[in-house]
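Student: The residues making up each chain are set out below.
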Amino acid sequence: MKTKILVANRGEIAIRLIRAIQELDYEAVAVYESPDKDSRHIRLANEAVWLGAGPRCDYLDIAKIIRAAKKSGAQAIHPGYGFLAENPDFAKACEDEGIIFIGPSSEVITNLGNKVIARQIMAEAGIPMVPGSDNLAAGEEGVATAIAFAAKYVYPIMLKATCGGGGRGIRLIETDEQMREEIPIARAEAKAAFNDERVYLEKVVIEPKHVEVQIMADKTGKTVHLGTRDCSIQRRNQKLIEIAPSMIGDKALLDTICETAVKAAKASNYFNAGTVEFLIDKDFNYYFMEINTRVQVEHTVTEMITGIDIVRTQIKLALGKDLAFSQEDVQMRGHAIEMRINAEDPQADFMPEGGKTVSVYRSPGGYGVRLDGFVYQGFTIPEVYDSLLVKMTVHGFSWNETVDRLRRCLQNFVIAGPKTTIPFYLNISKDDDFINGNFDTSYLDKHPHLFEYEDNANEASKLSNLIAEIHHRGHNPYAA
Amino acid sequence: MERIVQGQSPAEIVKQLQNSDGYHITNTARDLSQSDFKNRILLHTDLLAADARERAGYFSLEITGGASVHVDILRKQVDPFLKLELLREKMPTTMFQTLCRGVNLFGYRPYPQNVIRFTVKEFAKYVDVWRTFDFMNYIPNMQAVFEEVAKAGKLNEPCICFSTGPEHTDAYYLTKVKEILEVTGEDIVLCIKNHGGLGTPKRIGELVDTIRQKYPDLPLHYHGHNTDGNDVGRIVAAVQNGANIVDAADASFTGFYGPPPILTVIQTLKELGHNANTIDEDAVIETSEVIRDERQHYEAFESQIKGFQPTVQIHKLPGGAMGSSLEQAVKGGFLDKMPDILHKELPKVQKELGNYWSVTPGSQILWTTAVSNVQGGERYGNPSGDLRNLLLGKYGPFPFYEPDEWIFEKVLGADWKKVLEEEGGVEDIGDMDIDKEKEILTDRIGEDPTDQQLVLYLQHPNDAVEFFKFEAKFGRVYVLPPSIFLKQGSFEPGETLEFVDHTGKEHMVEVGPSNVAEDGETSVYLYVDHHQRVYKFAAELPDGAAAPAAEMSKEEILDLAKAGDIRASFSGNVCEVSVEEGQEVAVGDKVAVMEAMKMQTPITSEIDGIVTAISAKVGDAVQPGDKLLRVDVDE
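First to last, the protein sequences are chains A and B.
In terms of our numbering, the first sequence opens at residue 1 and continues consecutively.
In terms of our numbering, the second sequence opens at residue 481 and continues consecutively.
Hint data in this document are derived by calculation from the structure and do not stem from the laboratory.
Here are the in silico distance ranges between beta carbons for each label pair:
no.	chain 1	residue 1	chain 2	residue 2	range
1	B	ALA1101	A	SER363	40 to 50 Å
2	A	LEU172	B	THR1092	54 to 64 Å
3	B	GLU1001	A	GLY320	53 to 63 Å
4	A	VAL384	B	ASP911	54 to 64 Å
5	A	PRO131	B	ILE920	54 to 64 Å
6	B	PHE814	A	SER363	57 to 67 Å
7	A	SER363	B	ARG772	35 to 45 Å
8	B	HIS1010	A	GLY307	25 to 35 Å
Distance condition first, Cα-Cα at most 25 Å in a straight line; then the derived DSS-like pairs of lysine-lysine:
no.	chain 1	residue 1	chain 2	residue 2
9	B	LYS495	B	LYS750
10	A	LYS92	A	LYS191
11	A	LYS356	B	LYS953
12	A	LYS222	A	LYS251
13	B	LYS817	B	LYS831
14	B	LYS1097	B	LYS1042
15	B	LYS656	B	LYS631
16	A	LYS222	A	LYS92
17	B	LYS1070	B	LYS1097
18	B	LYS916	B	LYS1070
19	A	LYS462	B	LYS985
20	B	LYS985	A	LYS430
21	B	LYS1016	A	LYS356
22	B	LYS949	A	LYS462
23	A	LYS462	B	LYS1016
24	B	LYS656	B	LYS495
25	B	LYS890	B	LYS1034
26	B	LYS953	A	LYS462
27	B	LYS1034	B	LYS817
28	A	LYS356	B	LYS949
29	B	LYS1016	B	LYS953
30	A	LYS71	A	LYS2
31	A	LYS37	A	LYS71
32	A	LYS321	A	LYS2
Positions of the beta carbon are idealized from the N, C-alpha and C atoms, including for glycine.
Just chain B, same shape as in the assembly:
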């Protein structure tokens, strides 16, 4: 059959899928990177793979979306739009696919409608297939994205998020498919989004069969994860029961929690009489060979614990969140408590909170709640702002049942019923004044931003500005291979590093000596294109010197707060200062919002009074005991 190529209309693509005998493959490179390499696979590696991937004949290449937009600017220092532009140059025919979290876009909480539409419009210039989901399977949360994608002439791929448990029946999922089709119309591909890699092959086979029987012409795309090592089994069952497209990844980078190897899927299904449409197996093999040597440079970002995790069927964490959860456990020093958190607390919290789908941002809420329950002593004693929003129904209604009343009481307080009545329900977020935001951004970067810069800023204000500043200082660093950009440890003296800059000029950098002056300043000598350059780094304070003298206890911080001296009670970033100096506040009024582990927590005043000093500003990274602001009793 003819290959499906970018530029075709949704109707043409759907028709072609309906008329094909075999199945198609999506190369899920982004999800592989997110699940097994903490999203660090660099554009440099994707550009190396581009030529072979282009020839391989995939339905699509999933290369953006999910957490990658944020990590692109935060940890990879690459412009997510430029990334797509450069890949498009090398891959003129393959459709590019994204993963969009509906109203939460590529972030962790709902965005205003006009921001959603603006963002989708800009990304749709590069992205052909829009896989969109909502962690509550609440269809209205995806509506704006559906509309903008259709308007741009691109293909909608709405998801039903899949999980297991008594409530997760075929009948339930059929109602969801129906709800989706009612808003999108028929020119879509439906995705069964098995982000945890849950269920057995038999279960997936049944679900696909049920949907296929009811909707014979609806193209179905099965997305899974290999966390338990058995996704090839589920893929086989899906294809045997009528799935048109399945997800897999390049073998040489497959690991534990991401998609399984493409070639294994092809070989297994071939024996069973199912052919992978338009796939060039040689090009699939070649891709893995081309990038195989690069993998060693990503080792530091691979999972902290090795091996498959069949217990995912118990804890249900999605593949895309496994790596970052383990990373937090290592950084937070509670890796030893992981068995308790994963196998006991998490399943318990999951049931208590309504057995919804453990995927962003819902998975983060489950995870932080479980960690806090184990670490903090009292269960639900230290609820995050996002857990509060979940119970208030801000993300959408609970799909099956509501949590028990005692949880509401713990999280919302004794008068939780009143709070729920007054504040509950899906939040109607008003449009943002984008022009005003543009002015602010102009001010912060000192020049008129492009629309693309503005989109990034609206997603992640501080991180976007930091990225723009980074690029101004360090240039276009995506040209650096992982052996340089992700180097662990110093380079060898005399080592020669080579790269080609974004204009095509080749450069050579030889590592010279480093000198430490008496004041501790280090001079690093490099020979850049045979010319000596010296880079100076100020002395770093010895360990602990920069930290506060002694970390305050939670009790001390609370005591100070009751005296009006409001301090951070945990380490995180200030993401909002809600008051101004001179403003009157009452007990319980929100004065600031802090963010840690992607979750926001409001900081409230413990006394009635007037704000007399503000020491923190948006974007500050603060430690427990750091001053935020001061409230004095009005006399």
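This is chain A alone, in the form it adopts within the complex:
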């Protein structure tokens, strides 16, 4: 009987996983909630299991997913990113049920998911970190600790949920008064979002670059890195554009960061694929931020420049294989840029465009282009999930070539129906600072002109609307 792997996710990442599973000649089992019933991952999988009416709650229901795996006879589960991917209880449930969880052990997820424990591990291993506090005690005591911390490190200070991640559960505090007000709110929010009310503080690094390192580790402890990614271009701490490798010119610094990442992974007994995130300040000091214990949205850029299939490697490692390559085998070639094409209106503060139907979908092709998407013409975007439609990754030998390709592909990408981030990205692809590699996390705030564009993605369909009317009426009523 063929190996079966259940894909506990939806959208583009589900399809990415299904493709890797099927390339290994295994069978993929999809799961879905009702709002996703027309989603393409269901059709591409070898079989699909309906979880429930959703939304979101069934994708997050550990028991239902374990049951689906058992019922379909899947030996392993790949969680993708988001949903249950970094939930240690889910990894634990798999371990208990004898199902292979494609990712690190529940213990590692627990330790690294708890930002405070993670910081302890890294401190012991001598990894440089942004100064931070322990978990704040409840009530007045915690507030007092917080105000003392702020006095020492100077505002602004980040107030973070201990179990938060992916940019969520973070707030920027500028005054003592605000600190007093926000701590209880942050606790309540953390409780609601992560079922854990603990919060802690971190000094803010002003306008940093966000650089991360992809690592892979097998069960023997062999750990290699696949180089850096720059994810500085973000809005509200959510990444929009990712680039590999980092554009920092100091190669020795990048090598040091990569070595530090491997050290951090080893210190936490890391297994499988993970990402070590760093902040780099204006003086090129680097600080450990966190380790993400899952495949990242932006793993594609690393795949493009290394030629290594990260998801395929993840599966092989989880099924017991050792790493087939060593650090010397990992060679970087060229540059890759990934843009997350979201159904959002950048001109309306990235308001999601869910509920709309994709009436035209024309994607670019040709040399050096990779698309990881899941929507198709006629697909109605469910309102209840995230707004990512497709990731467009371009690869080029030089940075200039890569940016040229990016621009060409964005110009050729037509999505009508929902508004998308394409025209906004097209502006970025023509922006001098972007072209020259000058960007940090303040990039969008400092380049407001990027939001000035005419939304002409729909121009052909608008004009066709008139053609349809002329055809229907037998004359043009607007010219009569």
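Place chain B on chain A using the hints.
Tutor: For chain B alone, kept in the frame of chain A given last:
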């Protein structure tokens, strides 16, 4: 000689004209479009012609103004400013010319001074030559335009409107030239505006000669129409007697009422020893070749009756109004009465109303009055609001003589003398609160308007808003060729349509099947850039179902009005609601204004009472018998 190019100062242009031996040509593309194609020639065609027209070396290209600003937004769905901007990109040197109706701008009635100045200022950014006229030849009506044009550093080309008849003597026109020069100074070109194509070559030759003798250095521009087929004759006479510039158009689009072909003018005058300055004949010929194939797509907008109209010497309708008048006759079902209207009633009305110049908006007043006199039974029995304003002197004083008293009595009522005394005279229109209008527009389109949008809105409030909405829905449609935009009948199944959008992207649309659902909704399938799209159209009510059950007679409507139920008495648009609910009104008070055939007519209350309901709003298209508002007797 050196070519005259855009950017030169009026003084430089005038000097160059004074020093040149030959004559210059203005390509009157706008007037051609207005006279022979109901103003429908699309920017798409003008852009095709742009390169060759640029090389042809004209004095100017008349490409905007007249009725075209309105038709651009109303029927061509193109922004008149964007049109000039795109043409300028392709024609960097040629001067662009407009036709401005003085105080009436590009519309049909006087605008407030600050609106005039704002409009001229915005258009002067693109327009180099300002041909300005007033249909009463009343010079003060052009003053504000003259001043703003001069302020913008652009060339004023004031007109004397020309007509025929015993009063239209050389001596009279000389006084008008003098009056113009007194306000404009010498750095102008004077236009003899023969909008009807009236008079013989001999008459035009004499007039040009008289002005030339009196003002040897004044550059003269002869503008005519070929309605009777003889404008080349008049042009020849004008040039022989000293005109510096003449108007003509691209041969492949010339027809009946517009200007004659450029090449014919050049060839005729060459034999007589007059050379067309800076003209590249090959480029003139090439222009006609480039656009020749496009003409077939404009056929539906050509004149309903074919052939020249030498009887224009009798009815005097201007070339620019011929097409639209015939169109109204067809739509109104009175094409058979045209000989009566044109050859009997119109000349009669013309004489009765003072023999002024039949050109916008005066020509519309003559025309609607003549139609109403023939159609309505009783002559002057159903006067338009604009005829009333004419008699009140709102447009300016009558140039030669006043109409007979019985006409005043018919139009203004029995106490016409009192009305005239109280309301008569040129209206001093106060400045408009433009900032407030801007707020209203912002509200209506949901975003801050540009100055250009505001200018269009101040000209034609409802039509401008409709146009902005149209563009939001259908995009920049000027990219569509006339074969698509003016298509008559449906496309063939499987037909492939190609166009390039305004950003330069090429698109292909293949026409797919249409399906009618049980509820009558039609789904039109198109393959847009190889992707299927479906456009749905709700079922249309069968003919007549949407119309009122039975059209009411004029008597019924009047009876209802006397009971306070005020209804539309003719089909048109509501352009003003003058009262509010709860307002007291007396017999004869204006409660609303309706517009039809460009003429406004006030609607008055038949009783004393209080306005209790308003059913119509500004911009509504109403049919006879449709409710406007209700007045109840106050008890």
